[in-house]
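**Student:** Sequences are here, hints too, so could you generate the full structure?
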Amino acid sequence: MKHLLSTADLDAATATEILDIATEMASVSGREIKKLPTLRGRTVVNLFYEDSTRTRISFEAAAKRLSADVINFSAKGSSVEKGESLKDTAWTLQAMGADAVVIRHPASGAPHRLADWVTGSVLNAGDGTHEHPTQALLDAYTIRSRMGRIDGLHVVIVGDVLHSRVARSNVLLLNTLGAKVTLVGPPTLVPTDLNASVQVAYDLDAVLPQADVVMMLRVQKERMTDSYFPSAREYSRRYGLDGARLRRMPAHAIVMHPGPMNRGMEITPEVADSPRSTIVEQVTNGVSVRMACLYLLLGGAR
Amino acid sequence: MPDILIRNARVLGGEPTDLLLRDGVIAEIGAGLSAEGAEVVDGTGLVALPGLVDLHTHLREPGREDAETVHTGSRAAALGGYTAVCAMANTSPVADTAGVVEQVYRLGQEAGLVDVQPIGAVTVGLAGERLAELGAMADSAARVRVFSDDGFCVADPRLMRRALEYVKAFDGVIAQHAEEPRLTQGAQMHEGDVSARLGLTGWPAVAEESIIARDVLLAGHVGARLHVCHVSTAGSVEIIRMAKARGVRVTAEVTPHHLLLTHAKAESYDPVYKVNPPLRTDADVEALRAGLRDGTIDIVATDHAPHAAEDKECEWAYARPGMLGLETALPIVLDVLGEDWPLIAERMSYAPARIAGLDGHGNALTAGAPANLTLVDPTVRWSVDPTGLASLSHNTPYAGMTVPGRIVATFLRGVPTVLDGKVQK
Numbered sequence: 001m002k003h004l005l006s007t008a009d010l011d012a013a014t015a016t017e018i019l020d021i022a023t024e025m026a027s028v029s030g031r032e033i034k035k036l037p038t039l040r041g042r043t044v045v046n047l048f049y050e051d052s053t054r055t056r057i058s059f060e061a062a063a064k065r066l067s068a069d070v071i072n073f074s075a076k077g078s079s080v081e082k083g084e085s086l087k088d089t090a091w092t093l094q095a096m097g098a099d100a101v102v103i104r105h106p107a108s109g110a111p112h113r114l115a116d117w118v119t120g121s122v123l124n125a126g127d128g129t130h131e132h133p134t135q136a137l138l139d140a141y142t143i144r145s146r147m148g149r150i151d152g153l154h155v156v157i158v159g160d161v162l163h164s165r166v167a168r169s170n171v172l173l174l175n176t177l178g179a180k181v182t183l184v185g186p187p188t189l190v191p192t193d194l195n196a197s198v199q200v201a202y203d204l205d206a207v208l209p210q211a212d213v214v215m216m217l218r219v220q221k222e223r224m225t226d227s228y229f230p231s232a233r234e235y236s237r238r239y240g241l242d243g244a245r246l247r248r249m250p251a252h253a254i255v256m257h258p259g260p261m262n263r264g265m266e267i268t269p270e271v272a273d274s275p276r277s278t279i280v281e282q283v284t285n286g287v288s289v290r291m292a293c294l295y296l297l298l299g300g301a302r
Numbered sequence: 001m002p003d004i005l006i007r008n009a010r011v012l013g014g015e016p017t018d019l020l021l022r023d024g025v026i027a028e029i030g031a032g033l034s035a036e037g038a039e040v041v042d043g044t045g046l047v048a049l050p051g052l053v054d055l056h057t058h059l060r061e062p063g064r065e066d067a068e069t070v071h072t073g074s075r076a077a078a079l080g081g082y083t084a085v086c087a088m089a090n091t092s093p094v095a096d097t098a099g100v101v102e103q104v105y106r107l108g109q110e111a112g113l114v115d116v117q118p119i120g121a122v123t124v125g126l127a128g129e130r131l132a133e134l135g136a137m138a139d140s141a142a143r144v145r146v147f148s149d150d151g152f153c154v155a156d157p158r159l160m161r162r163a164l165e166y167v168k169a170f171d172g173v174i175a176q177h178a179e180e181p182r183l184t185q186g187a188q189m190h191e192g193d194v195s196a197r198l199g200l201t202g203w204p205a206v207a208e209e210s211i212i213a214r215d216v217l218l219a220g221h222v223g224a225r226l227h228v229c230h231v232s233t234a235g236s237v238e239i240i241r242m243a244k245a246r247g248v249r250v251t252a253e254v255t256p257h258h259l260l261l262t263h264a265k266a267e268s269y270d271p272v273y274k275v276n277p278p279l280r281t282d283a284d285v286e287a288l289r290a291g292l293r294d295g296t297i298d299i300v301a302t303d304h305a306p307h308a309a310e311d312k313e314c315e316w317a318y319a320r321p322g323m324l325g326l327e328t329a330l331p332i333v334l335d336v337l338g339e340d341w342p343l344i345a346e347r348m349s350y351a352p353a354r355i356a357g358l359d360g361h362g363n364a365l366t367a368g369a370p371a372n373l374t375l376v377d378p379t380v381r382w383s384v385d386p387t388g389l390a391s392l393s394h395n396t397p398y399a400g401m402t403v404p405g406r407i408v409a410t411f412l413r414g415v416p417t418v419l420d421g422k423v424q425k
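Chains as they are written, first to last, in UniProt numbering: chain A, 1 to 302; chain B, 1 to 425.
Accuracy of the hints is not assured; some may be wrong.
Stated by the list, open to error - Dumping the calculated PhoX-like pairs for lysine-lysine here, alpha-carbon to alpha-carbon at most 25 Å:
#1 K76(A) - K35(A)
#2 K2(A) - K425(B)
#3 K64(A) - K34(A)
#4 K87(A) - K265(B)
#5 K221(A) - K76(A)
#6 K64(A) - K82(A)
Since the hints were made in silico from the structure, they are not lab data.
**Tutor:** Laid out in C-alpha cells, this is it:
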C-alpha cells in the first residue's frame, strides 16, 4: 500500500489487517511508555489546509508514538496564504524529504493530485466532501471492538450524507467488510444517484428498530441557510437522535458520531453521554488506527 | 501569388481530381488539369474538404495572452483544417463594444491564417443585466452577427427575450450558453453516480435543459433565431428535436469532447477533464451522436478553451473549465462519425458558416467558389502530444490518445496556411 486516498482502495484483507495492527497499537497506548521505535528517522508532514485540531493532533500523536519526526504545516500564515499552489507546496515537502504527507484539504481530490507530485506516501485526512478514510477505519475498529464483528451488521448513517466525507468512506469500507448500510436523511441531503450497494430511507423512526449501529453525521451550519431543510428545529425533530429514538433501537445497538457534535441539533446530550454512545472511544481509537495506517504505509514496506 | 494546382485529391471522398486555385477562388476542377507556373501540391490519397468553420473558439486576446493569442489560436485553427473561427466574447475587456470586436477582427486579419469573426457579448460585461450595443457591433468593421455571453447564461428571461427580438433587425442570432445559474452554484461536474462518489458538487442535466426549453419557446414566440452552444445532454437533444418539429428557428452545436468523453474521466481528479458544460454519461454521448447524425444538432463546434498551466495544475475545484479543441476536432469527429465526408462537411463547414453568416466560407468545392479548403489524410493515425500542439496552452484531454486523420494542407482564399502539416506563418 503506497497511499491511503480512499477506502475504496482497501480490500477486506487489507482493511482487516489495519484493524488488527490497530489492536496491537492500542496495547502500546496502554503502556507507561507509549512509544515504539518503528518509524525512527522517518518524516511525516501534517499538511492542513483546514483547521482541524482534533484530526491533526490525532495524527501527530500517532506519528510520534511510532517515533517519526513530525512537521506540522498549517496553511494559515504560511506560503500557502501567499498564494503558493499545491504543486509548489508538494515540491517543497519533497525537497524537505517527507516520507509521508498527511493532508487535510477543502477541495475533493486534492490528495489524489498531491500523490501525483510527491514520491512519498499520501494519507488522506479528509478532502472536501469526498472521503475521510481513517475516520471510517476508526469507526470500523470501534464497531468491531463493541460488537465483536462487522460482517452482517446493519449500520444506519443519518444526516447530511451529500456533503459528508465520513459517510462516503464509511459506506465503501462497511460494504467491503460485509455490513449492510442504510442512509437516512432529508432527500435534499442524499445524493440523487447512488450505487445499488446501499439502501436509502427518509423515515428514521422506521429504520431504528432494525439498526445494530447508528452513526450520526454532523450538520454544517451553512446547510441551514441554503434551503436543504426549513429550520434546525424541524431537522432535529425529523432526523435528530434523542432519548425516545434511542429507546426504539435494539438494546445491543450503539450510537456513533465522528465529532465535533452539534448538541441539540443532530444528537441530544442524553444520547451523546449515554453508555451506548461510542463517541469518546472513537477519539481514542483514532490514534491507534492512524498508527496502524502510518505503520503500513511507511514501516511495512521497508 | 502563384496559382496552386492540387493533384488527385478526392473531393468529399469522391474520385481523385485536380483543383486549380487562382485569385482566391477555385478556378477549375477536373482530371488532368495543367497550369503554367502553378505550384503543385500532391493530393494523392488525400480528401479535400471545404475549409472548416468553428462557431465557438476562445482566443483569449485581449486579456489572457499567456494562454492564447489571436495569432497562436489562428495557427492552431489552420492546423486543424479551419479557415474561419468565431472568437467568443469573454475576453478582458469583454467584446461588448464595437472597439473591442474591431480590435479582435484586425488581429485576425494581421495573423492572416484564418478569418477571425468576432462574436459580440449580449450583455454589458457579460453581467446579464443590460444589453450591450449589439447594433454598433453589427455595424462595425467586424460585422458581428452572432452574439453570446458564453461562459455565462443569459439567465433573465426578459432580457433573453429582448436580445432575441432586437437582433432580428440585422439577422443576428443569440448563441446561448444554457445553464440555469441557480441550479449550478459551485458545480464541478455532471451530477450523477460519479459526482456522488467523488464528492464533487453536481451540475445537473436539468440546469441545461430547462434553459433550452425556455429559450426555444421564447424564440418561437418572437420569431427569432436561437443557437444553442455546446449541447451536452440527451434531454437537450430531445427538446431541440421537438422545437425543430414545431418550426422554431433553432440551431445547435455539440463539441468533440461531448461526443467522445464521459464523466468517468473525472475519477482521476485531473482538471484537464473539467469543462463547462461537464462531460456527461454514456447515454448522453449516444444521444448526442444520434442527434448529430440526424441533424437535430446542426454543427460540431470546438469550444476551444486554452488555459495557462497554473489554471489546470491544481485542485479540481480551483481549476478553470475548458479544453483545447481546434487541432483535434476533425480527428475526433472522424473517429465518431467515420469517413462520412459529406456529413462532416455539412456539420463542420457548410452549416456553421450559414449560422454565422460567413458567405465566403462553407461553400461546396466547385469551380468559382472561394478557395477555402483543407486536405486530410484519413489513413494516418497520430498520437496527441500536448506540447506538440500549436496552441500556447496544453490542456488537451486527448494526450496520449491515438486519433485518425492528419490535416496535410489548408488554403485560405487560395493561399496555403498549412502545407505538409506545417503552418506557413
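**Student:** If you draw a straight line from the CA of K76(A) to the CA of K35(A), is it 25 Å or shorter?
**Tutor:** 30 Å, violated
**Student:** Take a quick look at whether K221(A) and K76(A) sit within 25 Å of each other, Cα to Cα.
**Tutor:** Answer holds: K221(A) to K76(A) is near 22 Å, not above 25 Å.
**Student:** Straight-line Cα separation of K64(A) and K82(A) no greater than 25 Å?
**Tutor:** 30 Å, violated
**Student:** So if I understand the rule, the pair passes when the alpha-carbon distance is 25 Å or less; does K2(A) with K425(B) pass?
**Tutor:** 49 Å, violated
**Student:** Can the restraint linking K64(A) and K34(A) be considered satisfied, given a maximum Cα separation of 25 Å?
**Tutor:** The given pair, whose Cα atoms are some 9 Å apart, holds under the 25 Å limit.
**Student:** Check whether the Cα positions of K87(A) and K265(B) lie no farther apart than 25 Å.
**Tutor:** Judged against 25 Å, a Cα distance of about 21 Å means the pair holds.
The earlier numbered hints that this structure contradicts are 1, 2 and 6.
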